[in-house]
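**Student:** Residue numbers (the working numbering), protein chains in the order written: chain W, 1 to 163; chain A, 1 to 246.
Don't read these hints as lab results, they were simulated from the structure.
The beta-carbon is built from N, C-alpha and C at its ideal position, and this holds for glycine as well.
Errors might be hidden in some of the hints.
[To be verified] Across the chosen pairs, the derived CB separations fall in these ranges:
1) 182/A to 38/W: 12 to 20 Å
2) 133/W to 164/A: 46 to 54 Å
3) 38/W to 61/A: 23 to 31 Å
4) 51/W to 182/A: 22 to 30 Å
5) 61/A to 19/W: 54 to 62 Å
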Amino acid sequence: METTRQIRMAAAWPWISTAARLGLAAVWLVAGSLKIGDLAASARAVHAYQLMSYDTAKIAGAVQPFLEIALGLLLLIGLATRFTAAISAALITIFIAGIVWAWAQGLRIDCGCFSTGGDLAAGESTGYGVDILRDLAFLALSGILVWRPRTRFSLDGVFMGER
Amino acid sequence: MSKGSRDRAVKARQIVAEQKAAERRRTVTLWTSVAVVVVLFVAGLIGYTVLSGQDEGKVTTPGTAVDEGTAFATGSGPVTVDVYEDFMCPSCGNFEAATGPTLKRLATDGKITLRFHPVAILDRFSNGTEYSTRSAAASAAAAEEGKFTEFHDALYANQPAENTDGLSDARMIELAATVGLTSDTFKNAVNEGTYKAWATRATETFLGRDHTGTPTIVVDGKTLTGENNTVPSAELITETVEKAAG
Numbered sequence: 001m002e003t004t005r006q007i008r009m010a011a012a013w014p015w016i017s018t019a020a021r022l023g024l025a026a027v028w029l030v031a032g033s034l035k036i037g038d039l040a041a042s043a044r045a046v047h048a049y050q051l052m053s054y055d056t057a058k059i060a061g062a063v064q065p066f067l068e069i070a071l072g073l074l075l076l077i078g079l080a081t082r083f084t085a086a087i088s089a090a091l092i093t094i095f096i097a098g099i100v101w102a103w104a105q106g107l108r109i110d111c112g113c114f115s116t117g118g119d120l121a122a123g124e125s126t127g128y129g130v131d132i133l134r135d136l137a138f139l140a141l142s143g144i145l146v147w148r149p150r151t152r153f154s155l156d157g158v159f160m161g162e163r
Numbered sequence: 001m002s003k004g005s006r007d008r009a010v011k012a013r014q015i016v017a018e019q020k021a022a023e024r025r026r027t028v029t030l031w032t033s034v035a036v037v038v039v040l041f042v043a044g045l046i047g048y049t050v051l052s053g054q055d056e057g058k059v060t061t062p063g064t065a066v067d068e069g070t071a072f073a074t075g076s077g078p079v080t081v082d083v084y085e086d087f088m089c090p091s092c093g094n095f096e097a098a099t100g101p102t103l104k105r106l107a108t109d110g111k112i113t114l115r116f117h118p119v120a121i122l123d124r125f126s127n128g129t130e131y132s133t134r135s136a137a138a139s140a141a142a143a144e145e146g147k148f149t150e151f152h153d154a155l156y157a158n159q160p161a162e163n164t165d166g167l168s169d170a171r172m173i174e175l176a177a178t179v180g181l182t183s184d185t186f187k188n189a190v191n192e193g194t195y196k197a198w199a200t201r202a203t204e205t206f207l208g209r210d211h212t213g214t215p216t217i218v219v220d221g222k223t224l225t226g227e228n229n230t231v232p233s234a235e236l237i238t239e240t241v242e243k244a245a246g
């Protein structure tokens with residue numbers, strides 16, 4: 001019976017990975033498109049972490065939403081899935097580190113994950129714990145894809161000659 | 001052909017086929033990865049280009065502005081107190097209510113030069129009407145008519161809540177009238193948003209000085225905060241000013 005289960009799992013993995021791939025693509029597309037309309041606010045969100053000078057934060061804040069959307073599109077079409085998932089994981093790890101830093105420093109900021117972020121208005125709570133948990137969930141999605149990058153409906157599959 | 005050699009031939013073909021498949025996978029992985037790097041690089045470059053191409057428009061700097069054209073001063077005391085505020089920021093409203101009178105008294109008594117820096121970092125909290133930028137621009141127009149402080153106080157006395165439309169231009173003009181500011185120059189400047197590009201530039205200068213939030217209070221060149229990064233109290237500011245005066 002063990003072998004039947006293994007065969008079933010082997011058949012299921014590409015579908016699990018496909019769901020992870022599309023989910024992660026959606027995460028990036030949403031995160032990027034929320035920021036792309038106001039690059040000045042995106043720059044302030046980065047600057048609010050007080051990790052870099054404003055001039056550097058301006059560049060990071062402008063480049064970031066475009067990178068996020070590009071990653072989202074690449075995952076959507078499934079090109080070099082393992083590689084894009086690894087880059088996603090690296091980026092998400094940086095974001096988590098940023099939130100932990102802000103938390104440790106006692107900064108009162110909006111993480112800017114799904115917003116243009118920046119300093120919080122009075123009365124708004126920081127919710128760093130929730131932000132980190134959410135990012136860990138995204139990290140898990142990337143992890144699945146790095147581990148099992150074979151997915152359905154992907155350009156990788158087409159190029160590899162899979163059916 | 002014997003059975004044994006037929007098996008060997010089949011196996012050999014299988015091995016060759018597997019090797020070919022593996023090579024194909026390697027080639028595909030290599031080139032798709034290269035494509036991904038190129039795509040991400042281009043995306044980043046687009047972001048950078050958009051950033052450098054952003055035009056702040058024609059900046060009209062108010063003639064009365066000091067400190068790189070970003071602030072409006074009252075008093076001429078020896079110690080400089082810089083106050084960076086966003087007219088939308090509730091915490092600035094609280095600061096004004098609690099500490100505004102003390103600051104003005106210090107300025108009138110000739111102890112400090114009080115410099116107000118209107119900045120606009122909370123545009124996202126006014127349902128797209130960009131109240132932060134509009135109000136900062138209107139305050140510059142008021143400064144040009146010599147009524148900055150009066151208009152500034154009127155805006156804080158009528159401060160809109162976050163996530164509302166903020167005060168309309170018409171409402172700001174009405175409030176200005178209550179403090180004796182009725183000139184057409186002022187009204188036109190508010191209606192035409194004459195100083196909006198200036199407000200954006202003043203905000204850039206503020207951020208470029210590595211300040212991140214409002215209100216930011218700087219006494220004698222040093223950022224002053226209360227315990228745990230809180231807004232400093234009137235007492236703390238007075239004490240710091242006296243120390244700086246020597």
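**Student:** All hints are to be evaluated individually against the structure, with a verdict given for each.
**Tutor:** Status of the hints after comparison with the structure:
no. : hint                       : in the structure
1   : 182/A to 38/W: 12 to 20 Å  : violated, 35 Å
2   : 133/W to 164/A: 46 to 54 Å : violated, 32 Å
3   : 38/W to 61/A: 23 to 31 Å   : holds, 24 Å
4   : 51/W to 182/A: 22 to 30 Å  : violated, 48 Å
5   : 61/A to 19/W: 54 to 62 Å   : holds, 55 Å
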